[in-house]
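K.L.:
Line by line, the protein sequences are chains A and B.
Heads up: the first sequence at position 85 corresponds to 84 in numbering that gives the first Met the number 0, and the numbers run straight through without jumps.
Heads up: the second sequence at position 320 corresponds to 319 in numbering that gives the first Met the number 0, and the numbers run straight through without jumps.
Don't read these hints as lab results, they were simulated from the structure.
Among the clues, some could well be false.
The list treats identical chains as one, so a pair stands whether inside a single copy or across any two.
Unchecked claim - Pairs of lysine-lysine residues, derived as DSBU-like cross-links and limited to a Cα-Cα distance of at most 30 Å, are as follows:
1) K447 to K238
2) K349 to K378
3) K10 to K454
4) K261 to K44
5) K162 to K437
6) K271 to K235
7) K354 to K238
8) K61 to K238
9) K235 to K341
10) K235 to K352
There are 2 protein chains.
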Amino acid sequence: MTIQNYITENKDRFINELLDLLRIPSISADPNYKESVFKTADEVKKRLVEAGADNVEICQTKGYPVVYGEKIISPSSPTVLVYGHYDVQPPDPLDLWTSPPFDPVIKDEKIYARGACDDKGQMYMHVKAFELMMKTNTLPCNIKFMIEGEEEVGSDNLGTFVKANKDRLKADVVLISDTGMIANDIPSITVGLRGLSYMEVEVTGPNRDLHSGIYGGAVANPINILCEMIASLHDKDNKVNIPGFYDNVEILSTEERAEMAKAPFSLDEYKKHLDLSDIHGETDYSTNERVSIRPTLDVNGIWGGYQGEGAKTVIASKASAKISMRLVPNQTPDEITALFTKHFISIAPKSVKVKVTAHHGGEAAVTPTDSIAYKAADKAMQTTFGKKPIPQRSGGSIPIVALFEKELGLKTVLFGFGLDSDAIHSPNEHYGIFNYLKGIETIPYFFKNFAEMSK
Amino acid sequence: MTIQNYITENKDRFINELLDLLRIPSISADPNYKESVFKTADEVKKRLVEAGADNVEICQTKGYPVVYGEKIISPSSPTVLVYGHYDVQPPDPLDLWTSPPFDPVIKDEKIYARGACDDKGQMYMHVKAFELMMKTNTLPCNIKFMIEGEEEVGSDNLGTFVKANKDRLKADVVLISDTGMIANDIPSITVGLRGLSYMEVEVTGPNRDLHSGIYGGAVANPINILCEMIASLHDKDNKVNIPGFYDNVEILSTEERAEMAKAPFSLDEYKKHLDLSDIHGETDYSTNERVSIRPTLDVNGIWGGYQGEGAKTVIASKASAKISMRLVPNQTPDEITALFTKHFISIAPKSVKVKVTAHHGGEAAVTPTDSIAYKAADKAMQTTFGKKPIPQRSGGSIPIVALFEKELGLKTVLFGFGLDSDAIHSPNEHYGIFNYLKGIETIPYFFKNFAEMSK
């Protein structure tokens with residue numbers, strides 16, 4: 000049976016199985032969903048067993064478990080280590096969802112749910128592609144699955160797991176579908192990822208909330224101060240204004256930038272799609288450069304004082320913000336976290352107290368385009384899309400790519416089938432059925448090519 | 000029976016009646032408490048009737064009702080119009096209360112509850128002082144009560160009520176207890192109030208929440224932009240940086256400022272009380288000046304993006320803030336609201352959309368110290384505190400003082416018995432039993448003095 004025939008016969012089941020997985024709210028950031036995250040791990044284990052994996056195990060960590068499974072066809076065959084994650088982002092703001100985030104619906108040939116693309120949908124393509132190869136007796140490589148539950152909170156315990164399981168995880172390449180491509184008719188493969196340093200800051204003024212009439216003008220208002228401190232983190236050219244921030248930033252050559260600029264991109268469509276009158280970013284760089292080869296600093300959340308209806312004349316005691324920085328190759332999260340912390344404390348006026356905490360970080364990564372694995376992926380996409388995929392740097396971060404290189408000595412192929420418009424991390428996340436099925440179709444070709452090219 | 004004897008005999012009941020009133024959560028800012036606000040009006044009506052008032056009526060408005068009641072002893076006697084409010088501020092942040100805000104408790108001779116001081120406690124002193132004068136046959140003036148339910152949301156419908164009831168509200172002076180005094184052993188009378196202009200702003204960047212990796216650096220982050228806009232609203236001397244803002248500000252003479260500086264004040268105690276390493280405010284003005292004769296701009300609340308536990312790598316679509324300005328005599332709220340709106344829109348970069356809305360405003364006011372009413376209040380405090388009260392400007396706003404002057408031609412005496420440390424508008428609001436009973440004791444002396452001095 001051909002790949003395409005198998006998919007045609009089973010696609011309704013493939014979709015329904017994914018919908019079931021999406022119904023479990025595996026929000027790793029919120030302790031209230033602990034039970035659901037564990038339940039999702041159980042479910043992933045069950046699906047791997049059903050698809051034909053051996054030695055399937057829920058490997059406990061200090062946090063959420065890693066689900067491991069494998070199929071070893073022969074010691075001499077090449078081995079592909081598939082990584083994915085079963086946890087999802089929090090769904091808020093809930094009121095902007097047009098359907099409940101954990102009650103998936105199909106509209107216009109797209110599956111709407113939190114995790115539909117990131118990463119349950121993309122991860123599950125590998126489980127179904129594996130099932131396909133097992134059922135059609137075409138699995139040409141050894142395969143190992145490592146599906147974790149803490150990607151959205153920084154993969155805190157994956158490093159320990161990987162270090163403790165180096166033998167079990169031995170492979171020739173890591174294959175991950177947790178990125179996107181340019182468009183359904185413009186396939187691309189991500190070859191660069193930004194790193195991440197994610198901070199939380201708290202500014203305290205007076206020791207309690209105060210009446211803004213009685214105290215207004217005489218004490219430091221922590222919200223005003225926090226705004227001033229945040230505002231000072233960018234200069235007039237929208238460069239990050241933290242001493243040393245750009246010291247190690249990789250500078251691309253004019254040729255490299257010219258090559259990048261060839262990727263199809265319409266600024267008008269970009270603005271229209273986001274309903275923007277104007278774009279905004281670092282002077283002297285294009286939009287595509289701003290989201291790939293340049294580091295950034297963004298406030299991801301801010302809160303303080305009265306947020307209810309109407310008016311409350313209060314000076315808050317505290318104001319807080321979550322601030323993250325995307326990093327490029329050679330900027331390490333540890334170094335940037337330290338620079339940020341030192342700088343943020345140094346710019347606080349004496350009239351407030353400042354607390355700076357680091358959430359997770361991750362290294363930037365660049366993956367090679369001259370490897371056998373990259374070529375196998377490139378050829379697989381050519382087969383199923385009828386076009387050569389474009390190598391592309393992405394603005395997102397998958398910190399574990401650097402981890403796998405460091406601990407396992409393995410390069411990664413970022414074999415993503417999502418689109419920027421899938422609204423991952425946003426309300427109304429969705430994943431095209433075209434993309435889901437195209438992934439299941441393309442992955443077996445990767446295995447076939449990789450086995451042949453490795454000979 | 001003397002005033003003091005009547006209070007001694009009835010003080011437990013006076014306290015228990017106030018506690019009952021505090022149990023009704025009359026939060027005018029939150030529509031969820033609508034029923035409770037109306038219920039509080041009913042309760043105030045009942046209490047006025049029981050104390051001996053005539054023609055007690057719940058006067059409906061477009062919002063919450065005004066409770067009116069009166070006792071006319073003779074057409075030739077002077078008339079005192081008592082104003083107060085039965086609505087309260089929202090209690091949040093709830094987790095900072097050591098006891099529930101609407102379940103009053105007495106600790107260290109203080110009543111803890113939302114509204115204990117502002118203004119249920121201070122308003123109810125007048126009801127009990129009235130009862131005392133009725134029961135001891137000592138009421139020397141006509142008295143009219145006007146107790147509203149929208150003070151904490153800007154008294155939106157009081158103007159209409161006052162205009163429609165000019166005859167009924169005819170009086171010689173307005174008496175209000177909704178301010179404080181310097182300390183329990185330093186009586187003072189408020190003679191100036193700041194005005195208020197309260198705004199809400201919303202900054203919109205992209206049309207939906209975005210992944211901060213994929214879009215970070217290329218689109219305007221509305222939180223960063225809002226912070227930059229807010230930061231720009233003060234200059235390096237902490238002056239409000241809105242064109243025209245200071246144009247009409249009343250400038251006090253060196254002599255006036257020297258007179259003000261005589262009020263007892265310890266900066267060390269002020270800082271210690273608020274746990275501040277340093278104060279913060281407009282250059283070249285003292286703390287007391289900053290909160291009385293100078294206008295201010297404070298952010299009262301800010302929100303946007305992810306505020307939950309952990310990390311979410313999102314660029315929010317919107318960020319919002321509540322921003323209020325305290326005004327001094329000659330600055331009108333309408334003018335300042337217009338200046339703010341125009342300026343805030345003008346400083347927005349093209350990459351965002353800005354919405355500016357006005358909440359309530361109020362005029363600043365200065366009350367005379369050479370009136371019969373002021374002298375009657377001064378003498379009453381001398382009798383019960385044994386010390387001449389200090390005339391003092393306050394930083395707070397009671398916009399209705401200007402309204403009464405304009406519509407009824409009446410001056411106001413701000414006869415407050417609260418303390419700055421009562422934490423009004425904050426968690427753990429409280430009111431000293433000493434202050435509550437001292438108010439009930441002092442008010443009848445005001446009536447006695449005012450009747451005698453008016454002859």
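K.L.:
None of the hints should be skipped; say for each whether it holds.
P.N.:
Each hint, compared with the structure:
1. K447 to K238: neither (46 Å within a copy, 70 Å between copies)
2. K349 to K378: neither (61 Å within a copy, 44 Å between copies)
3. K10 to K454: Classified as neither; 33 Å inside a copy, 97 Å across copies.
4. K261 to K44: Neither way: K261 and K44 sit 43 Å apart in one copy and 77 Å across, limit 30 Å.
5. K162 to K437: Answer is neither: 34 Å inside a copy and 72 Å across each miss the 30 Å cutoff.
6. K271 to K235: within (26 Å within a copy, 39 Å between copies)
7. K354 to K238: both (24 Å within a copy, 27 Å between copies)
8. K61 to K238: Classified as neither; 38 Å inside a copy, 52 Å across copies.
9. K235 to K341: Answer is both: 22 Å inside a copy and 23 Å across each meet the 30 Å cutoff.
10. K235 to K352: both (27 Å within a copy, 20 Å between copies)
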